[in-house]
Amino acid sequence: MNPNDDPFDPYVRLSGCSCGRHASQAVHDAESSARPIDTGNVEQVTRRTLEGAVMRAMFPNDGQRRRFLRAVGSGAALAAISQVVPFGMLEALAAEPAGPLEKTNLKIGYLPITCASPLLIAQQNGYFHDAGLQVELLKTPGWALVRDKTINRDFDAAQMLAPMPVSMSLGAGSNAAPTVAALMDNVNGSAITLAMRHKDRRDPAQWKGFRLAIPFDYSIHNFLLREYLAKHGLDPDRDVQLRVMAPPDMLANLAGGNLDGFIVAEPFNQRAVYEGIGFIHMLSVDMWRGHPCCTIAMESDFAKKQPNTYAALVRAMLRSAAYLNVAANRDAIVDTLTQQKFLNQPKIVVKQVLTGTYADGLGQVRSEPQRIGFQPFPWPSMAVWILAEMKRWNYIKGDVDYKQIAERVFRATDARAAMQKAGMHPPAEDMQDYEILGRKFDPKRPDAYIRAVSAKA
Amino acid sequence: MTSRNRSRMQSAALSLLIAGVLLAIWQFVTLPKPVKLPPGVSAEYAELMGQGKATKQGFPTPAQVTHTFVRELRNPFYDHGPNDKGIGLQLGYSLARVAGGFALAVIVALPLGFVIGMFQVLHRAFDPFIQILKPISPLAWMPIALYTLKDANVSAVFVIFICSVWPMLINTAFGVAGVRREWLNVAQTLEVKPMRKAFQVILPAAAPTILTGMRISMGIAWLVIVAAEMLVGGTGIGYYVWNEWNNLALPSMLFAISLIGLVGMLLDLSFARLQRAVTYAE
Numbered sequence: 005m006n007p008n009d010d011p012f013d014p015y016v017r018l019s020g021c022s023c024g025r026h027a028s029q030a031v032h033d034a035e036s037s038a039r040p041i042d043t044g045n046v047e048q049v050t051r052r053t054l055e056g057a058v059m060r061a062m063f064p065n066d067g068q069r070r071r072f073l074r075a076v077g078s079g080a081a082l083a084a085i086s087q088v089v090p091f092g093m094l095e096a097l098a099a100e101p102a103g104p105l106e107k108t109n110l111k112i113g114y115l116p117i118t119c120a121s122p123l124l125i126a127q128q129n130g131y132f133h134d135a136g137l138q139v140e141l142l143k144t145p146g147w148a149l150v151r152d153k154t155i156n157r158d159f160d161a162a163q164m165l166a167p168m169p170v171s172m173s174l175g176a177g178s179n180a181a182p183t184v185a186a187l188m189d190n191v192n193g194s195a196i197t198l199a200m201r202h203k204d205r206r207d208p209a210q211w212k213g214f215r216l217a218i219p220f221d222y223s224i225h226n227f228l229l230r231e232y233l234a235k236h237g238l239d240p241d242r243d244v245q246l247r248v249m250a251p252p253d254m255l256a257n258l259a260g261g262n263l264d265g266f267i268v269a270e271p272f273n274q275r276a277v278y279e280g281i282g283f284i285h286m287l288s289v290d291m292w293r294g295h296p297c298c299t300i301a302m303e304s305d306f307a308k309k310q311p312n313t314y315a316a317l318v319r320a321m322l323r324s325a326a327y328l329n330v331a332a333n334r335d336a337i338v339d340t341l342t343q344q345k346f347l348n349q350p351k352i353v354v355k356q357v358l359t360g361t362y363a364d365g366l367g368q369v370r371s372e373p374q375r376i377g378f379q380p381f382p383w384p385s386m387a388v389w390i391l392a393e394m395k396r397w398n399y400i401k402g403d404v405d406y407k408q409i410a411e412r413v414f415r416a417t418d419a420r421a422a423m424q425k426a427g428m429h430p431p432a433e434d435m436q437d438y439e440i441l442g443r444k445f446d447p448k449r450p451d452a453y454i455r456a457v458s459a460k461a
Numbered sequence: 571m572t573s574r575n576r577s578r579m580q581s582a583a584l585s586l587l588i589a590g591v592l593l594a595i596w597q598f599v600t601l602p603k604p605v606k607l608p609p610g611v612s613a614e615y616a617e618l619m620g621q622g623k624a625t626k627q628g629f630p631t632p633a634q635v636t637h638t639f640v641r642e643l644r645n646p647f648y649d650h651g652p653n654d655k656g657i658g659l660q661l662g663y664s665l666a667r668v669a670g671g672f673a674l675a676v677i678v679a680l681p682l683g684f685v686i687g688m689f690q691v692l693h694r695a696f697d698p699f700i701q702i703l704k705p706i707s708p709l710a711w712m713p714i715a716l717y718t719l720k721d722a723n724v725s726a727v728f729v730i731f732i733c734s735v736w737p738m739l740i741n742t743a744f745g746v747a748g749v750r751r752e753w754l755n756v757a758q759t760l761e762v763k764p765m766r767k768a769f770q771v772i773l774p775a776a777a778p779t780i781l782t783g784m785r786i787s788m789g790i791a792w793l794v795i796v797a798a799e800m801l802v803g804g805t806g807i808g809y810y811v812w813n814e815w816n817n818l819a820l821p822s823m824l825f826a827i828s829l830i831g832l833v834g835m836l837l838d839l840s841f842a843r844l845q846r847a848v849t850y851a852e
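Protein chains in written order, with the working numbering: chain S, 5 to 461; chain U, 571 to 852.
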């Protein structure tokens, strides 16, 4: 195929030798290169090459592709396929250089928790600036506000709990607003903290009647806590009270005896230990090693209409993730994060979160190097688990097209391309199995998982 | 004369003594206590718990609060990006929002109040709406405003507007309706044009009542802006309080609370001054 050819033209051939008309690839090459490639238009060549690759993948038999295009028309086909495959984004990521940014001044919302580290580091170290972006990071008092400000386009992008782009796209808990997660902000990095008076009640089976706080309904924390309670025979909707609360309010209520415990992102668990009002019962990494926590997300229109800006943002965030994963940078990272304008927390507290060597509140120093991680790849299989949990706890009803929603919301294809270009090693597949609270989760069979965990022990 | 002076001195001395005793009690009661560590913990554990330097949970001492006052007031106008600004700038943002919402309320409430006050029919027609809308907590409007206006800043201004419009409206209507009949009759006898009557007879006559309404509105607006800014974040004294709460930094919160009280008092005093300027003796 000549790179100038339009793969949405039913009269253009894509496959075969690769085209099917020639005896061998060599003959084909000789002939097709007889038609000079118009390299003047780099953008067009890139686009055609990409589109060709995608169309070949979708229609291994070229005859089928041409029949399909003749039947529906190339415009409709492009529109339909663009729903599934974001050509615009792929192009932006593949093109080198990226071309002019559609928008350079971005407002990005975040919450003052360690999950926001990639954003804060990108700002402090000038990664946004290097990518040609002028970013204003806006500290926000709550998740509902992050959601509303993103829907209102007050924010161009925002840090969101991993389930939020999914729930927003489905319209669970808000108006439906198609939202995508470009990258993971962090994995792990949360914990269950209990009030000091419960230090001898470590078995969740004894937690009947507890008042526990969660950061948001659509949070990985809510789902992990629910699974954890259910695993130990408690019904999270009947046997305990789950309350949505902002992290500092959790601490104050824990100290006041108004709460029995909470599950929340760091550094608030460590802060509770530091303040002497609670102890860390369990790190979230011990519930699901490598669980998704926060994402960097935005309205899907942002990604579609501003592919170059999207790519620049992703590039900056990947640099941040790489920097955060180098242990030698820890001290500098702690200094950056604890500033008043960012997390506004004591250094010793944030340091314990990042190094994973921490006081548990009960007199032991524990070590968990993976207490928080900065793995950026947005696995769609994680979104499948989130969907399964939303279904299990009745946040959504009816049949769910897990795979389709997961892949539409968690932008694995773009992330993979960007990571490859950044010299990172992204996984080749979109789905992987997990072990969550001792039970296997197969993203190909989420309904079977729901049945298995729901079965009475 | 000298005995009166002496008694004044005594009162002042007693006031100072009371303040001193209160401060001493405050200091004593809130002396920082280190967190009790479980027995037999390692030195590393103690270090991770910040032993030796950290002051733990509990109410801050007067010394800590004073320290915060000095630190914040030494440089009130610094600007370290969108999330870290000096207290002077934060107050400025809050005052600007209040001024915006308040000005809008004046623009709406004064003419409307005038008309309602002058015509009994309109008064009866508008009354049910005013009575229903008036008692709604301004903060209840916040999510609705955020959702429809789609801008946090505009929403905050709107909330100030909606909370300050009612006292002004009601007081203006009340003041205008209460202008003495004789004065209106005199104006009518002299065939004064309606506009002139409004501005030269009714307005001066109703001004004290109108300003009372404004004073009440300003008081409410200042109460509400702090809560509104705690909800939407970004800038302002309310955001400052929230940000410090996020770090459980009580001294800074006490500092901000005192400042909120002080500014509120100054606003109230300035309206009291205005009120006195337009008051007349009959």
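FYI, nobody ran anything at the bench for these hints, they're computed from the structure.
There's no promise every hint is true.
Below, in silico cross-link-like pairs of lysine-lysine (PhoX-like), each with a Cα-Cα straight-line distance of 25 Å or less [claimed, not checked]:
no., chain 1, residue 1, chain 2, residue 2
1, S, Lys448, S, Lys235
2, S, Lys448, S, Lys401
3, S, Lys309, S, Lys111
4, S, Lys395, S, Lys407
5, U, Lys767, S, Lys107
6, S, Lys444, S, Lys309
7, S, Lys444, S, Lys407
8, S, Lys308, U, Lys720
9, S, Lys107, S, Lys425
10, U, Lys704, S, Lys309
11, S, Lys235, S, Lys212
12, S, Lys111, U, Lys720
Against the structure, the hints:
Under the criterion of a C-alpha separation no larger than 25 Å, the hint pairing S/Lys448 with S/Lys235 is consistent with the structure, at around 22 Å. As the CA atoms of S/Lys448 and S/Lys401 are separated by approximately 19 Å, the hinted pair is consistent with the 25 Å bound. The straight-line distance between the Cα atoms of S/Lys309 and S/Lys111 is roughly 17 Å, inside the 25 Å bound, and the hint therefore holds. Between the alpha carbons of S/Lys395 and S/Lys407 the distance comes to roughly 14 Å, so the proposed pair stays at or under 25 Å and holds.
Our distance criterion of 25 Å between C-alpha atoms is broken by U/Lys767 and S/Lys107, whose separation comes to about 56 Å. Among the hinted pairs, S/Lys444 with S/Lys309 is inconsistent with the structure: their alpha-carbon atoms are about 39 Å apart, more than 25 Å. With a C-alpha separation of about 18 Å, the suggested pairing of S/Lys444 with S/Lys407 holds against the 25 Å cut-off. For the given pair, S/Lys308 sits about 22 Å from U/Lys720 by alpha-carbon distance, which is consistent with the 25 Å threshold.
Restraint check: the Cα-Cα separation between S/Lys107 and S/Lys425 comes to about 22 Å, which is no more than 25 Å; the hinted pair holds. With a C-alpha separation of about 44 Å, the suggested pair U/Lys704 and S/Lys309 falls outside the 25 Å cut-off, and the hint is violated. Under the criterion of a C-alpha separation no larger than 25 Å, the hint pairing S/Lys235 with S/Lys212 is consistent with the structure, at around 13 Å. Among the hinted pairs, S/Lys111 with U/Lys720 is consistent with the structure: their alpha-carbon atoms are about 15 Å apart, no more than 25 Å.
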